[in-house]
Every structure is written in structure tokens, then in C-alpha cells.
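Residue numbers (our numbering), protein chains in the order written: chain W, 368 to 870; chain V, 368 to 870.
Worth double-checking, as some hints may not be accurate.
Put simply, identical chains are the same to the list, so a pair is met inside one copy or across any two.
To be verified - Cross-link-like lysine to any residue pairs, in silico, SDA-like; alpha carbons within 20 angstroms at most: (1) K800 with L477; (2) K626 with R584; (3) K378 with D461; (4) K378 with G427; (5) K599 with G610; (6) K383 with G427.
Quick caveat, the hints were computed from the structure, so don't treat them as lab data.
2 protein chains.
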Amino acid sequence: MAKPKKTPRPKAETPKGFRDYFGAEVTARAEMLQAIAGVYHRYGFDALETSAVETVEALGKFLPDVDRPNAGVFAWQEDGEGEKPGDWLALRYDMTAPLARVYAQHRNDLPNPYRRYAMGPVWRNEKPGPGRFRQFYQCDADTVGSASMGADAEICAMLADTLEEVGIPRGDYIIRVNNRKVLNGVMEVAGVLDPANPDAMERERGIVLRAIDKLDRLGVDGVRALLGAGRKDDSGDFTDGAGLSDPQADVVMGFMQAKRDSGAATVARLRELVAGSQMGETGVDELEQIADLLAAGGYGPDRIEIDSSVVRGLGYYTGPVYEAELTFEIFDEKGRKRQFGSVAGGGRYDDLVKRFTGQEVPATGVSIGVDRLLAALTAKGRMQRDVQGPVVVTVMDRVRMADYQAMVAELRQAGIRAEVYLGNPKNFGNQLKYADKRGSPVAIIEGGDEKDRDVVQIKDLILGAKIAETATHEEWKDRPSQFEVPRDQMLAKVREILEGQGK
Amino acid sequence: MAKPKKTPRPKAETPKGFRDYFGAEVTARAEMLQAIAGVYHRYGFDALETSAVETVEALGKFLPDVDRPNAGVFAWQEDGEGEKPGDWLALRYDMTAPLARVYAQHRNDLPNPYRRYAMGPVWRNEKPGPGRFRQFYQCDADTVGSASMGADAEICAMLADTLEEVGIPRGDYIIRVNNRKVLNGVMEVAGVLDPANPDAMERERGIVLRAIDKLDRLGVDGVRALLGAGRKDDSGDFTDGAGLSDPQADVVMGFMQAKRDSGAATVARLRELVAGSQMGETGVDELEQIADLLAAGGYGPDRIEIDSSVVRGLGYYTGPVYEAELTFEIFDEKGRKRQFGSVAGGGRYDDLVKRFTGQEVPATGVSIGVDRLLAALTAKGRMQRDVQGPVVVTVMDRVRMADYQAMVAELRQAGIRAEVYLGNPKNFGNQLKYADKRGSPVAIIEGGDEKDRDVVQIKDLILGAKIAETATHEEWKDRPSQFEVPRDQMLAKVREILEGQGK
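Here chain W stands alone, though its shape is the one from the complex:
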């Protein structure tokens, strides 16, 4: 350790945008990840854990030819050797880029198709904000090497099973499925996508996409304005529109509102809308296949539905896209009711592996926002808030520490969480305050008098707290919260009290 004799004391602070997780925050997440891994495993997905660090070159989004290629990622340059400059390394910003690297690197050894899941932290070098952290957990499952719609349908079904497994009951979530090709077909019919010249009118398509994405917030009229001449918001700011004619805008609006009561009716409506676009028809066929496969597995529209208004940052998606939304209401920070919203999403992408190998490899996958899902369960009161506190053996006589250690050893060997008080034992009140802070269910006391008579005092702290809060004197008399038992009955009595508290 550096001895900071002359330098000022370092600040004891997490870096901006990072945080610490304590006790139940850690174990609840670990339990959730384990439950998710169980479902992924059942679906035939294998675990993969890549290191946190990748070359910037392999991550791909950022190029090593600028001085500090760390916009969006945490990056640094390795020391070079002689004339040769060192590689730029970076922390992964998602789980998909490392998967593409792994698949390209190990493709001859991996099963094909390759189903894999990955869970762990990712890092984003962004300006931190309230509730926005620069390290957070993702939990992904992807199938690489399969062009079958079976792969997409399976991931949607798995997502439904996963949500139910971690404690979101059926009815409290909906998984929505759409298809990028249908959207492109609609763009084609609306005249903003020319298959012969797909790069033209990119600006217009971008505006259309962003407008659809804002349907929730802007309403039908707002979106319509953005498809046309543009929109002035409440503050007076003007957002440029895509400049679509009315008939063109009608097509797009029709797409957004194509959802019908049944999957088959939605598919039929979409088929009308994309009539004449080959890509659009392929997309509708794919949606229909997914709907059929899901129905065969028993996943009806109460869990998974086709919804053409789903537009997920469609950047690299090439076919089906899907999103899981929690539909129950919570109160936001301003006390207003709102739906909890999206906790997972994904889709089909084909270009990621091609970057490395030149070969197009079809792939589809989902990413669960673990921290958001935990927040949802907490908001619903379905999350364990506290870790069970330990039985605390108090220290009445410092030189008899060996006796107290023997007690905790006995309790621990019986599987009971227990500890001896290890602070300064002088002030007994501090020991009980400590037990309180630890959420201890039981305290054990053995002073010299008890030792002489070979007994111990056992305090039921949960009952004691209840009595102190609410009970009358009569009740107190009937239900003592402290018991004197022979030393050799300590374990049995502690067990009895713990079992009683569990009820």
C-alpha cells in the first residue's frame, strides 16, 4: 500500500455513475440470474462467459484510428513493444459483440446452430444520470447459425417462461413480436424505400422510425405531423418532418395501427398493407410462421402477440424483433401511475459475424435488462428485501470467548446462520443494538450465573420487538420473549423459535 504521509487522504467515493450493492441487493440478483439460467438451460442454451475486456477492434463499433476511441466505451491503449503500438482494449458494452467474436473464433468447435446464454455486467461510458449507471447487468440468450423462424419463436417462448419463473405472473406481461421486413415493405409501398437503391431516402426513413417509436408519447396526431411537414412541441421547438404525402403517411399510420384482435387478423391486415412489396410479404410470412409455432407450443396471444407498433432501435435487426413489456401499473417518481414498460428485447441480425469472417451467419437473440426486472419485482413487492439476520451470541465475559465460539459452531453445523459478537463487549446495550441492526431473530446470553447453572438465556427478538410495539401487559405475561433453557437444549430451542417466526 502506498503510504499517503505527504499526499492528502484519498476520497472514499465510487466513481461517478457507479454504485455498490449490499446484502439482499446482491443475493436477490444472484438468485434471479440463477432462475433465468435454469430456464435457458432447459431450452438447450449453453453458458458462455467471455472476459470483460475485448480489443476495440473486435468490439467493432469503435475504430482504433483516432486518438482516444472511447466515445461510449471505456477504452485504453496497451503498452507497445518497440516500434509497434499497443492494442486498444475496452470493456464490453453488451454481450452480443463478444458473442460474434467468440463464434468467429471458435466456429469449428462449436455446435451448429450454437445456442448460448451469457450473464454479467456491461459498461457504458455515458454521462451518468439519476438511475442511469455506467455498469449494469445483462442476461442474453442467442441462437447463432439458424435461419429458422423456429429459433425466434423459441426465444419468445423462453422469454415468457423466464418472466413467469422469476415471479411475473401471466397477465402481468406481454411479449410483442414484429418484423423489420414488414416495416421495410411498408416503407416500400409508401415510397420511402426503393429496393433497387436501398441507401436513398435514409433521412426520411429515420424520421419515420423515430416517429413510430414515439407513438406512446406523441399520440396519433403528433406522429402524423412528424410523417408530414413537421411538428412544433409545447415549448415551441420545431422538429422537421419526413415530408411524406398524405397517401404515403396513411400507409405508415395503417401499419402502426394494424393490430387486430387475433394474430391471424393482424397478419391478414399486414398482408394487405405490404401488397406488392416482395420483402414485405416475406416479412408477413415470417410473422405468420412464428405465430403458428408459438400456438403449437401453447403460447397464445395472452402471452405473445403480433404487434406492428413495436419498433426497437432497429439499427441492425434484419427480421423478427420482439420485446417484453410489463403491463402492471406502478407509481413513477412524480407519483403518477404508469405502466412499468419494457424489460427485455431482441431480434434477428445477420451482419455481426460477417465482420470477422466475410460469411453471413444468421442469428437471433434476446437481452433481459436484469436491473430493470429486479426493480419491477421490487415495485410489486415480490422481492426479498432483507437477508435473514444471524442468531447473535452475545459476549458477557470476554475471557469465555471459547464457550461462545462453541455455541455458534454448534448452530452453524446445524445449518443455522449464527455469529458471536466480535466488537468491544464492554457495553451490553451496544451488543443488542448490533443484533437489531443485523436483523437478528434470536440473541443468546450466557453470563457467569448462567454458566454456573449450565443454562443459557434465549431472546426471541422478533417477538420482543412486536411486544414492545403493540402488546398489552397481559399479552406479555402469556408470551414471554425470553427463555432460560439448559445449555444442551440451546440448539433445539433456537430451532423452535426460528420455526415459529417463519410462520
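Following the hints, position chain V against chain W.
Relative to the frame of chain W, chain V by itself:
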């Protein structure tokens, strides 16, 4: 994604010194960490998860006043704001430095003493070598705020319980305990440590420490030479000695060889050796207390023993030090038998929190080298090598995918790992090769003929492989590995086969 039209293709490689973990490598580690966390929890330790990133200032080992303060750590500088330069951030290199920061930051809210455990990867910016990686797992437990030897004894007992919990049986490990104060007392008696001037003769003490640490490798004569004039090794290289006189060296050698048949006898021998040194006597008292506490908990010298030859990179330790060694033999890379060696270690340190607050806070803790422990269990054949493969439903008829999805949905809902083949189904041989690569226990086949008769074919692939390998024609006749059953008995038959394979 960047479109690499003009740039060369990126290399699909992990950065040097990093690696990927697949399947059972990931799940076996996760299971081990969970088992360890269970023991730590039972001992009253609470989980803590800090972020991977800390300020270089808080990590403390490295100062931000040099241009690139990343010797030993992966570090980078944040963008500044205006004139103000950005903070230097770094990946944690262990779990102890973040604990000190957390304790200093949150000490008013944490219970005191604070028992915490932490598990996760740490990063070292070192030259990678064979089997040496720049990211690896640690699993630590520390008690902060207790000066009691009870804290040290408890961690030793917990370490023993942990090793047994993960599959190292009693007798295959030994935990050795020593005390830095005893060593300092011996140094004092030997005349290389002056309590009134503790910084003098640091060079000599350093040589003595390193010499003791090399006892295993150099033997008694080699260590003796290093304590005196110095030592020439087989290659002719000369290592300077500490320059101790013969009587001085005798004291140190006596210390190293102080271990007796019982803890009490070892303590008595050490007491002789440090006679006259107050610090030494305090150290022996502490060792005696730990031995008594452990005996009271039932932890005898078959599991935890006092051994004065234990010297763990004693840099910042101030009292007890402890180390867990696996005592069974394995074959090293050159085919020679050797003991597996150390898998965990720790001790008492008092300065870490003081850096932040100015207050000395006593602390003691252990770190388990998770990857080494996994390697040990693998070497003993006690580790699950493969993940159970999924039941593979083959695709005989591409348009009947919905039927196959219904089959896997049925199996999965019954808790059976299952998947439908999602590659190109044209070549049926490829499907069986895939099942083989996946380690599938069972394959299910339903062609048009089976569909018409409402039956499925179920292949027991494990038995099939055994028959192909070893069985005579007679045995084959008696034990078919393929069964035709009505479709509605598929689940029952698969279950029956899986249960039979488990035997």
C-alpha cells in the same frame, strides 16, 4: 455497427492474457461460488458487490500524478471538464481495496463489526504467461472493525467448512496459522528488528522473509546460506545473504522449525524463542487464543494447525496470517508428483481504512483463489466435466416444425432439457452428428409415416453409443436402443430412458 467495407476484417481473438469459458466451466464455477456463499452466509457474512471500476486514488496502490499510472492495473483517464482534468479510473486488482473504500464511505450505516463477502473477477495488468490470466475470480470474506482473535479464528474455521462444502474432504487439506508479531519478535531476538527504530535493517528483514518463504524449494541448507553470507545456485548465480551471525541465524532457523506435534507444544516452543520481545510474546498469546477458540469449536489440528513456517507475502499483515493448502498429490505438467499447494490465504491488516479516514480500523480476511480451487477439484476428478445435453427433436419434415415445437414445449414444461434441431434439416446425418456434439441423451424422430400412425421413434443415444462400442449382437437384440411409442406416451418414455441413464 461500423461497416468494414474499406478497413480490413477485425481479428476474432481474445486480448492477450484473457480467455473464454464455455458450458460446464461457467456453471461449475457458478455452483462453487454459490456453495461458498452459502457457508459465508451461515457465518453471518453479508454480500457486497462493488463495481469493477474504482478511482485510481481510492485503489491507493497507484498514484494519479504520473502520466500513465497503469503499472499493474488497467487504468484510463476520464474526459475532463473545462480546465479540470478527468479522474483516473482503473479496474479493481483485488477485493480488499474496494472493501476499504466502501467501509470508509458507508461506515455510519454499516453494522460494526462488519462481516462481508465478495466474489467476482479482478484484473491484473501483467505479462500473461501459461496458465496466468489477466482476469481471474476471487472470493473474499473479511471482518472489519473487530480486534478480537475470535474474528481470525472464525475465518479459519469458515475456510475449513468451505473447503469441505465444495468437495475437498477432511484430510485432503490443512489450514496453517502463523502470526506476523511472532515473526517480528523472532527478528527482534535475532537482532534484525529494533522496536525503537523499526525502519532500520529493512533490507536484512526482507532477505530473511524471502529466505523463509523459500524453505520448500531450497531446503534447510539453502535458507541457512541466505540468512548468512549468501547462496550460489546451480546456475552459478549468487544471491546476497542477510549477513546474520550464526547465533542470529540459529534463532530464525529455530522459528521456522518450531512446529511440534501439538498446538500447545508449538506455542510453548515459540514462547521460548521470542523470550524478551514484548511484540513476540503478544503474537504467541494471539496464536494461543486462536488455537483455544478453534479447539472449542471442534476444529482440531487435523484441519487447522499452528505452523510458524507459513510466510504469506507479509507486506501489509499486522497479526495472524493463515493459508489453506491442499495436501493431495497431483501430476505437474512434467509428469512429476507434487502437492497441489495453496488455494486460499489471508490475515489481519489494520492500515487499509486508515488511508481514507485517519482512524486505524482493525480488519482480518481471507481470499479464496476460485480458479485454483476449481483446478484442484478437476484434477481430483470431483468436478462435473460436462453439462447434461438436451433431448434433440429431429426435423424430418420442414413444414411440420410446429409439431416438433409442440414436442419440445411438452418436454420443457416437464422440466426436461430439450430442443428442436434448428439447422438446415436436409441432411439427417448432420442432425444426429449435432446431437452427438451436444451430448444428447435422447433423440426423437417423427417422419410422415410415424405421423400417420400417431407414433414417435425415441433413440437412447447413450445406450446406442455403448452398444456400438462394446456389445455383441446378442446383447443388442436384448436391449434395443430405439423405441416406437404412441405420441401421447413420448414424455413418459423419455423420462424412463433418462432415469435409466442416470443409474
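Now the hints, each set against the structure:
When the C-alpha separation of K800 and L477 is checked against a cutoff of 20 angstroms, the pair qualifies only between copies, where the shortest distance is 12 angstroms, while the shortest distance within a copy is 56 angstroms. In this assembly of identical chains, the alpha carbons of K626 and R584 lie at most 20 angstroms apart only when taken from the same copy (18 angstroms versus 76 angstroms across copies). Taking the closest pair of Cα atoms, K378 and D461 come within 20 angstroms of each other only across two copies (19 angstroms); inside a single copy the shortest separation is 30 angstroms, beyond that limit. Taking the closest pair of Cα atoms, K378 and G427 come within 20 angstroms of each other only across two copies (10 angstroms); inside a single copy the shortest separation is 36 angstroms, beyond that limit.
Taking the closest pair of Cα atoms, K599 and G610 come within 20 angstroms of each other only inside a single copy of the chain (15 angstroms); across copies the shortest separation is 86 angstroms, beyond that limit. For the identical chains of this complex, K383 and G427 are inter-copy neighbours only, at 18 angstroms across copies versus 26 angstroms inside a copy, given an alpha-carbon limit of 20 angstroms.
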